[in-house]
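Undergrad: Work out the full structure: start from the sequences and follow the hints.
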Amino acid sequence: MNITIDGIQYEIKKNTTILQACKDAGINIPTLCHDERLNPSSSCRLCLVEVEGTKNPVTSCSTMVRDNMVVNTKSKDVIKARKDVLNLIISNHPMECLTCDKSGNCKLQDYSYEYGVAEGTFKGAKRTPKTDTSNPFYDYDARKCILCGLCVRVCDELQGTAAIGIENRGFDAVVTTPYNEGLINSKCVSCGNCVSVCPVGALSPKRQKYRYWENKKIRTTCSYCGVGCQMDLVVKGDKVVDVEPAKDALNNGLLCVKGKFAYKFINHPDRLKTPLIKINGRFEEATWDEAYRYIRKKVNELKPEYGADSFAGLTSARCTNEENYLFQKLFRAVIGTNNVDHCARL
Amino acid sequence: MGCRKVLTLERLQQIRKEHRPILEARVGEAGNADINEDGSIVLNGDYYKKQVRIALKNCGIINPLMIEDYIAVDGYSALANILFNKSSGEIIDDMMASNLRGRGGAGFPTGRKWNEAFKYDADQKFMICNADEGDPGAFMDRSILENDPHSVLEGMAIGGYAVGADKGFIYVRAEYPIAVKRLRTAIEQAKELGILGNNILGTGFSFDIELRLGSGAFVCGEGTALIESIEGKRGMPRTKIHRTAHKGLWQKPTIINNVETYANVPVIFQKGVDWFRSIGTEKSPGTKVFSLVGKVQNAGLVEVPMGTPLREIVYDIGGGVQDGKGFKAVQTGGPSGGCIPAHLIDTPVDFESLGKIGSIMGSGGMVVMDEDTCMVDVARFFLEFTVDESCGKCVPCREGTKRMLEILERIVSGHGEDGDIELMEDLSETISKASLCGLGQTASNPVVTTIKYFRDEYEAHINEKKCPSGSCRPLIKYFITEACIGCTRCAKSCPVDSCITGKVKERHVINQDVCIKCGTCYEVCPVKPVKAVVKG
Ligand SMILES: Cc1cc2nc3c(=O)[nH]c(=O)nc-3n(C[C@H](O)[C@H](O)[C@H](O)COP(=O)(O)O)c2cc1C
Ligand code: SF4
Ligand code: SF4
Ligand code: SF4
Ligand code: FES
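Residue numbers (my numbering), protein chains in the order written: chain B, 135 to 480; chain R, 1206 to 1741.
Please note that the accuracy of each hint is not assured.
Below, computed lysine-lysine pairings styled on DSSO-like, alpha-carbon distance capped at 27 Å [stated by the list, open to error]:
no.: 1; chain 1: R; residue 1: Lys1736; chain 2: B; residue 2: Lys189
no.: 2; chain 1: B; residue 1: Lys208; chain 2: R; residue 2: Lys1671
no.: 3; chain 1: R; residue 1: Lys1638; chain 2: B; residue 2: Lys157
Residues of chain B placed beyond 10 Å of chain R at every Cβ, according to the derived structure [stated by the list, open to error]:
no.: 4; residue: Arg277
no.: 5; residue: Leu367
no.: 6; residue: Gly441
The set of hints was computed from the structure by calculation and includes no laboratory data. Just so you know, even glycine gets a beta-carbon here, dropped at the ideal spot from N, CA and C.
TA: Have a look at this one:
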């Protein structure tokens, strides 16, 4: 299909949104409620563009391209509407960027910068303060919430839990759990996928302080199970301080509670870093070499006397399939026992 | 189930023949209606004589709890005739030719809508009746549902046959318990008789209707929010990627029409497209029901041909303004509508003409305002309603209407600032253009039209801190003039302690700092011809 965006013609495939077409053409459109994995809700109204022949501007995130469509993404009216929308959001937002964890990684901050919205010009009522800190891994601060609905939709449409929803109407609308009983008493499985999509600081992980600009991100594979979710470890100095799911991977920007939040073992003082051998009733640190030699020695000593079934092996869900295969092979074929099991059964 | 006799056309005609004399006898006895030569029965009295009733034609005449009454006034004859003699395509053609336009607000041509669903191939289609009537003060749909429920059922069944739907839902607000009860009875009776349900009249066409109750959110009257609500979700409008006629309820082709729209359908097929088009105007054929309320002598439901001048509705039928006061404006279209000033009272009431002057037809609300009405306060009143009812999904409506209301609130309380009018004009543009659904898109209409036609009142509030109609309390002041005879009546009736002071037979004084502006002093002052208490 042939469409014109800001005066330039493009060839675009059918069933493409204007937003996607613009993205492909390298034109940046601001969005606060859009996520290509979710059904469009078109609630933030920031992605408005003008389409010739329609009375009002349209939301590019939910309008499909049509042949010979003429789109204008930067007209005076569109820019005014976007500025007004940002102004309205900021007018109802606590200006706490100096202490907000999200600063530097906040879409609202970025767009306010881009569109020159320095402050909310409407001085009036503000959203009723409400916080939910009952979940051990993350907090909700309604004052900062811009009601983009992403959290609710990701929980419902992708996580499949539907633990949260929106309560009240209009200016009093707020994200909440059923009967307002708090996240900890809800169906929430603490996957943190809502936290990952929140464009502002309303849903934030309980984490140590860091600024986005003082980190590096390291792509890795989650080691908790065999799915192979990709994630970025957020590293400050030599410490992992946060985890972000990778979108361009098979996990499609999602993680489970372990991948998202269970990273604190990495720098934990109790973390085992070497094998342990019990000597005189006490565990002593050893090298892998010493450990293997010790195992071999004990097997050779005890097997003639007590038989193969006196041994048992327990392996881990955090090993790969291949490692688990080799482990059971070692027990069945080498030692000669079927006493082999796995922590996933526990 | 299997043993129930299939209703035949003969049986239906027989019921009509048997029951007609019973109905006529009852009408004759009641004496509230006349039976015309052509068989039509119309309510008598001046108020009704000037009306043309299509949607309301049976209201007040038949007993809504008796399906035989409806049949006796040719009810279900249109459906029967269609099922035997017309194809779906022909019904669609007739509907398009009739140019019946939706009575729920937007005036979209019903035939075109039906055609979209008709053409769209799907294993299941739905008909929905929007009976959520949420405009404050509107009771057109309620009256039809309570007094002539079968006309809506028949209209829906005809639509179902036309587009290929075998299932209908009526979404009716729970605050209409009588309507709900009568609809239930009507559906039961229709199923019992066999005019609804499986294999209607043995033609192979099946159509079933269920009720769904709304819980009082105005926004659930918006088509897509209503659909979400029926699906069991929070009632918030959908972004319109697809037409409802293609992907609506449970993503199936869905027709959603208003109660009054459906009530028109059987009559169009009884009397013909030409007859229908001979009423009303070229672009807006037929009639429209209005609920005429406010400061008008004869408030009530009025059904008139489209294009009738406002003046005729307000004066000839409504009897003019109450208490001989001056006419100031009429607000049409409910909270999304606009205020029409006195100098435009000859405007014909149809979709185009009302749109041209910044108002809308809406679902038929018509509020008459007299000279004592403050137009700024009227705008504030309607906006307060929309702010309360905004679903909160999109930013311009959720945040913008609230800010606009805050500005209006400060104007009527005497804290208006220079630039407030321009600020509202500017903000209203974004709210109208950028909001997701009709609620936000039209929310500023009352503000925009009152600014357009009554700008001086806004200016008086802001610049002089005065309310020209003397209705905004914080801006009113009561003074006692030299004409005071010192009768002490005002001091005695004032509810505030030591607010009015003065000796007998001497001029009294009101302490402005404690006065609550209740106006009691003004009411009781006996001085004539001009009271000694003045309001300013
Ligand atoms: C906020 C809002 C409230 C509405 N409420 C109603 C209503 O109560 N009843 C109604 O019939 N239509 C209502 N509508 C209009 C419907 O969206 C829809 O246009 C109508 O039901 C279609 O029927 P019609 O074509 O027969 O008019 C409302 C629209 C909006 C935006
Ligand atoms: S953490 Fe996961 S389950 Fe809990 S609310 Fe967020 S998305 Fe839903
Ligand atoms: S908490 Fe975040 S993601 Fe959820 S609605 Fe608010 S701003 Fe959007
Ligand atoms: S315009 Fe108002 S009512 Fe409509 S979707 Fe937006 S917030 Fe909800
Ligand atoms: S991104 Fe399109 S409306 Fe929010």
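Undergrad: Measure nothing beyond the straight line between the CA atoms of Lys1638 (chain R) and Lys157 (chain B); if it is 27 Å or shorter, mark the hint as holding.
TA: Roughly 24 Å separates the two Cα atoms, so the pair holds.
Undergrad: Take a quick look at Arg277 (chain B) and tell me if its Cβ sits farther than 10 Å from every Cβ on chain R, holds or violated.
TA: holds, 14 Å
Undergrad: Within a Cα-Cα threshold of 27 Å, do Lys208 (chain B) and Lys1671 (chain R) meet the stated pairing?
TA: violated, 43 Å
Undergrad: Need the status of pair Lys1736 (chain R), Lys189 (chain B): alpha-carbon distance at most 27 Å?
TA: violated, 55 Å
Undergrad: Is the Cβ of Gly441 (chain B) farther than 10 Å from every Cβ of chain R?
TA: holds, 63 Å
Undergrad: Would you check whether the claim that Leu367 (chain B) is not at the interface survives, using Cβ distances to chain R and the 10 Å cut-off?
TA: Non-interface label stands for Leu367 (chain B): nearest chain R Cβ at 35 Å, farther than 10 Å.
In summary, the numbered hints that this structure violates are 1, 2.
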